[in-house]
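Engineer: So the protein lines, in turn, are chains P, F, H and Y. Under my numbering, the first residue of the first sequence is numbered 1, with each subsequent residue one higher. Under my numbering, the first residue of the second sequence is numbered 1001, with each subsequent residue one higher. Under my numbering, the first residue of the third sequence is numbered 2001, with each subsequent residue one higher. Under my numbering, the first residue of the fourth sequence is numbered 3001, with each subsequent residue one higher.
Treat the hints as calculated values from the structure; they're not laboratory data. Since the structure is predicted, the reported quantities are computational estimates derived from the model, not experimental observations. Idealized CB from N, CA, C, for every residue including glycine. Treat each hint with caution, since some may be false.
What the hints assert, rightly or not - One side of the interface only, derived from the structure: several residues of chain H facing chain Y at Cβ under 10 Å:
#1 2041
#2 2047
#3 2364
#4 2368
#5 2371
Protein chains: 4
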Amino acid sequence: MTAHDAPQHDSGRDSGGRSPGDRPRTGVWLIGARGSVATTTIVGCAALAAGLQPPTGLLTETQVFADSALPPLADLVFGGHDTACTPLPKRAEELVGAGVLAHGLPAAVGAELAVVERRIRPGGPERGDTRTTEELVECFAADLTDFTRDNGLERTVVVNVASTEPAAAEGQLPPSSLYAAAALRAGCGYVNFTPSTGLHHPDLRDTAGAAQVPYAGRDGKTGQTLLRSVLAPMFRSRALTVRAWSGTNLLGGGDGAALADPAAAAAKNAGKERVLAENLPEVPEGEVHIDDVPALGDWKTAWDHIAFDGFLGSRMILQTIWQGCDSALAAPLVLDLARILARADALGLRGPVDGLGFYFKDPDSGPADLAGQERELAQLAERLADRA
Amino acid sequence: MTAHDAPQHDSGRDSGGRSPGDRPRTGVWLIGARGSVATTTIVGCAALAAGLQPPTGLLTETQVFADSALPPLADLVFGGHDTACTPLPKRAEELVGAGVLAHGLPAAVGAELAVVERRIRPGGPERGDTRTTEELVECFAADLTDFTRDNGLERTVVVNVASTEPAAAEGQLPPSSLYAAAALRAGCGYVNFTPSTGLHHPDLRDTAGAAQVPYAGRDGKTGQTLLRSVLAPMFRSRALTVRAWSGTNLLGGGDGAALADPAAAAAKNAGKERVLAENLPEVPEGEVHIDDVPALGDWKTAWDHIAFDGFLGSRMILQTIWQGCDSALAAPLVLDLARILARADALGLRGPVDGLGFYFKDPDSGPADLAGQERELAQLAERLADRA
Amino acid sequence: MTAHDAPQHDSGRDSGGRSPGDRPRTGVWLIGARGSVATTTIVGCAALAAGLQPPTGLLTETQVFADSALPPLADLVFGGHDTACTPLPKRAEELVGAGVLAHGLPAAVGAELAVVERRIRPGGPERGDTRTTEELVECFAADLTDFTRDNGLERTVVVNVASTEPAAAEGQLPPSSLYAAAALRAGCGYVNFTPSTGLHHPDLRDTAGAAQVPYAGRDGKTGQTLLRSVLAPMFRSRALTVRAWSGTNLLGGGDGAALADPAAAAAKNAGKERVLAENLPEVPEGEVHIDDVPALGDWKTAWDHIAFDGFLGSRMILQTIWQGCDSALAAPLVLDLARILARADALGLRGPVDGLGFYFKDPDSGPADLAGQERELAQLAERLADRA
Amino acid sequence: MTAHDAPQHDSGRDSGGRSPGDRPRTGVWLIGARGSVATTTIVGCAALAAGLQPPTGLLTETQVFADSALPPLADLVFGGHDTACTPLPKRAEELVGAGVLAHGLPAAVGAELAVVERRIRPGGPERGDTRTTEELVECFAADLTDFTRDNGLERTVVVNVASTEPAAAEGQLPPSSLYAAAALRAGCGYVNFTPSTGLHHPDLRDTAGAAQVPYAGRDGKTGQTLLRSVLAPMFRSRALTVRAWSGTNLLGGGDGAALADPAAAAAKNAGKERVLAENLPEVPEGEVHIDDVPALGDWKTAWDHIAFDGFLGSRMILQTIWQGCDSALAAPLVLDLARILARADALGLRGPVDGLGFYFKDPDSGPADLAGQERELAQLAERLADRA
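Isolated chain P (complex conformation) (with noise of 0.2 Å):
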């Protein structure tokens, strides 16, 4: 269960700045790098890198995309914005506190994360910034220009995952979008892994930038509407009346809070009732709440009830109860994600990255039920492999 005796994993990548053999190396941008999610993205990284767990929750590491050419775990190399500051190796072991990491593993990647830990740059806007619109992208910009640079890094993408940001006032950019227009300046890959508005801003999308670099997103769908993704298809398949599909959420981390406050649920909800609209003939009744319960930490129990009709007008009912923990649902998908946006950069390919529904709420585009994102994202591996 723990890693505790294991080895202190130092591949010593990091002082020149190849991997062994010269391989080119793959920038991991995160917004958000001292968060639950990027922690535990990095650690995670880190000790399968060093084969100190499996890869439970890749797909990347499956047959799927065996062929897809994907850069190695090893080749990633991390480095983030934050307005935080405790350092990554503290929440790291208070990820172990709240029982997201085992205990040990932050020890067993501990030069992984110091070094990582060196690579956060701030953040912002903070309150008082005095900074224009135009200075602090630029300064964004610079940031993962050098990040590139001084790792000696083939490309880098960037994966928001930032907690949600209250919607913003019109015509203004929030900071999810300020980071995106950096990340198009830089000319990087981009994943919004959250709902906040990153790229899906009027002044960013329809840019010419939007148009140089490929771009995924958005909300990573990892537990209440991963589910919802395949239950509204068995409904419909089986053409069953929903009548009613009600939700509740209980999560503490900063996600409870930031989610607290009704602009930035709203933004999480409508990904949530999206997949219903999309999958059911008729959208149910029915609202969804998020609550901040501190108490449970990181970890998330979303409850479900579905009252549907079946044959002749009877009644049914189907309930869900799923807890899991947000950081470990979300790592692993950050990690594909950056790993398929940095090869289809490689690629050349341009624009929002077709085939990868299967990781968001909120896609872009394609079909909404699972089954039928999955057959979408298998697609993708081939077309990665394709042209290699």
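Starting from the structure of chain P, add chains F, H and Y where the hints point.
Structural biologist: Positioned in the frame of chain P, the structure of chains F, H and Y alone reads:
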């Protein structure tokens, strides 16, 4: 909610043995014709044909089968075998009391029920029955032939919806196989909607008779296994490791009592476990219980508890609670299967009909995930049309 | 299951205004007399008096109250106010459709329903009503006095079972308080079965009128709070630390719509939280949601999620799912309370009646755990007998 | 969350066999001393005595027992029998891996564990053991006497926390009864925290020995039955008719494996059903399953499904899901019982100690509802004080 005020439905079709306009009609012969599933099927077909209810739960009334030239619901003619004596109209009223059928519905289709009741023939063997296997098969086959001829039917499909029988002593033909043998002898298509042996007996399946009719089975997928056939693929597709999958079923109708017999439950549970074995890389720990709880009547509650591992060995849990009415879940599938088998027979299809795994816990062939089964069913719907 | 074949029940009591043997009769005046709770109460009382149903859910028919000299069910005479117009017999049939009342039951007590329907007086104020507060109270009090006199009743108890009202603007008497004021003026015992203000208005509670009648309230404890009043004491008694107690209620009847209004829900939730605050050493984290889900009709589902700490800080969870019919849960408590208040009035008890916390979410006094409340109720039952 | 940084705890008490200030000390002899419950009890007692953890779950540390003159936790001295060989410190580390104990806690009380480990004596009989019953009892009794003398203890209480044993062949003393006989012979108070036979054997219970020591049992009430002991009284007190009460337990520790044996489960289930039989007017339908699910380790999930009738025969359902850690639920009760029995012994109480039904599924006497049992326990707490 009720069909209370609906006019008495009597199309007068039976007197002359013809549907309006002299369309050829199709027989549906139900083994267990006075049981809950059969009664709900017969009442429901009449109610749908009369426009009293929408066709919730019937795939064959959706666009998927629009071009498959299936026999219309109004042209199905029901008969069957049963060892029970409660007349159909009385049984239907009991189902009103149990909350399965809306009040007023049995009365609204009372004429139809009375006609079908007169066509039900005694099943067997009863305790003390001295007839030989050959005599029983011959008697049942004669019942089928008489039914088809007397009602001027183009063809008849036999559907086993009787209570699950205990595993038979070796070598001996259990009752379900006697009826199956009779179907072969009478040249009727055959559907086994139960986990009983039916055609899966070495004396039957590989005989010449089985090569002369279309058949399908076995064990209708109505509740817990339906759910499992979408949830297990979800875990697999996300590379999550299912460690234990435990389930308890509470049900009170005849099926509850039958399945409280461990021998009968064994057959049922084999089907339930197969869906996990075929959809997951490894068979997880866990048992399935079926409890007879008479207080629940025809309503079934299934609780599933799934312990799975996520990224870095994190332990997560999904629980599902399904509260459904078994008869109402089964009846539309019975209608679908009868119509599809009739059409397959008309097209000259013989032997196991491919593409029906969507309907069964323990299908003869095909993929094990519901989405894959749905695709195969759609392909079958096209094949049925193509040859027309 | 149904009272279908029962003979028409008509005791003929109403014509002469006397019970058989000229026993004195007791009036029960229901505010919201055409609602689900009132209709179920009236139908149920008639059904029980006629021996059509066992007295499930009535404490006053158990040994506890055997010597308390309560008015017999057969001697209760119903009337009431309502602003809704659907006549009681029609409302009762709707409750059959909703699965609350057995088919045949409204017909079996049809004569009784028709009589009560004629006694229902218009409530208010309606939109556009120009009457002053004083005029409204006077009108309602006159209705009460007329009812008592016209039916030759010994006394009348007023029970508020109307939909929860939004919190009133300050200073203004909300409708529930108008009816309460009328009860005081007419000298009637008063029960507030809802979270609405009723007597809890500064203009009423401390007046001379309130000292002249027995009263009890408020907010009937029918489901989630009933459960909480046994579970919270369990945690306390085992010295387990409850960290978070979250709940979601789905309900579809009139109450669902009323409580979807946050102002109305606030009053209800206050009662729900009080049970935790009074039974636990510390108020746990967690929210309560009330969702209007019309598809569920009168059936209510309440999910509770309780995170607690055990020995050495171990984290444990209890979840409960309560699926009940609100009207059927409320009606027997309404009958109990009306009978108890009538007896208290006969004994000359005035002001708040002690010992009724068993029935309320937000009682005026007494212990907060159900076991303690049950003991107090038994003591009240004895007091009612002692003075006889 | 962890006691990681706590200083090593070593009170040095053991070397001299005295507590600071030469207070008399009390022995607690655990049958199954290297099992999960025993290990958690020993670690927990040391952690509480050292102030590393709050006394969550211990009634004996609340106001109820403030004046009962119980032996302080710091003055309990542990020893025991076991047939298993894994040393206590290793077992404690395994419980860290299983999520039962916080990381760092075993190390923080390592000195204490090492001392207790040295006191554990071999249990029996092992396979192939040729000793007679008399020889075994004599040997175990000598172990108890030696333990008490060698550690200078005032008295010793024996607590059986071993895995549930299968029902013994008639006439033969099962292992649990051998240990119980040894306790009688050595004049030690005895607690049976398991459903095994222990003192409930005709050869033991009615002997002179049993009249010389205080004893209590049987089968600790930790989870599902605890819940049932508050829910069943709730239904009874509301005059609701429980029709079926079904339950499934999933657990993976040693107890899971032991109880997968139907013979062992039978004893356990008898206790679970007794709580329903004694709290409800009629025993409801329904079964209880205990499944061994190794993947769950020491964590237990219990699902209960309760079908009940309300007013006018309305059908309602309550479901509960309890997810707890069995060892952490049991350990504080073991400490409570050992302290109470020691005090009872000091006061000269002999035979079954009244008032302990609060702790047991299958108590010797007293009320069956938790609230009533809590009252009796409080009375016992007073009796313990009164005689001091």
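Engineer: Are the hints correct? Go through all of them and say.
Structural biologist: Status of the hints after comparison with the structure:
1. The interface hint given for residue 2041 of chain H is met, as the beta carbon of that residue sits about 9 Å from the closest beta carbon of chain Y, less than 10 Å.
2. At its closest, the beta carbon of residue 2047 of chain H sits 7 Å from a beta carbon of chain Y; the interface hint therefore holds under the 10 Å criterion.
3. Look at residue 2364 of chain H: its Cβ only gets to about 20 Å from chain Y, farther than 10 Å, so that hint breaks.
4. Hint status for residue 2368 of chain H relative to chain Y: violated, with the closest Cβ pair at about 12 Å, above 10 Å.
5. At its closest, the beta carbon of residue 2371 of chain H sits 3 Å from a beta carbon of chain Y; the interface hint therefore holds under the 10 Å criterion.
Checked against the numbered hints given earlier, this structure breaks hints 3 and 4; the rest are met.
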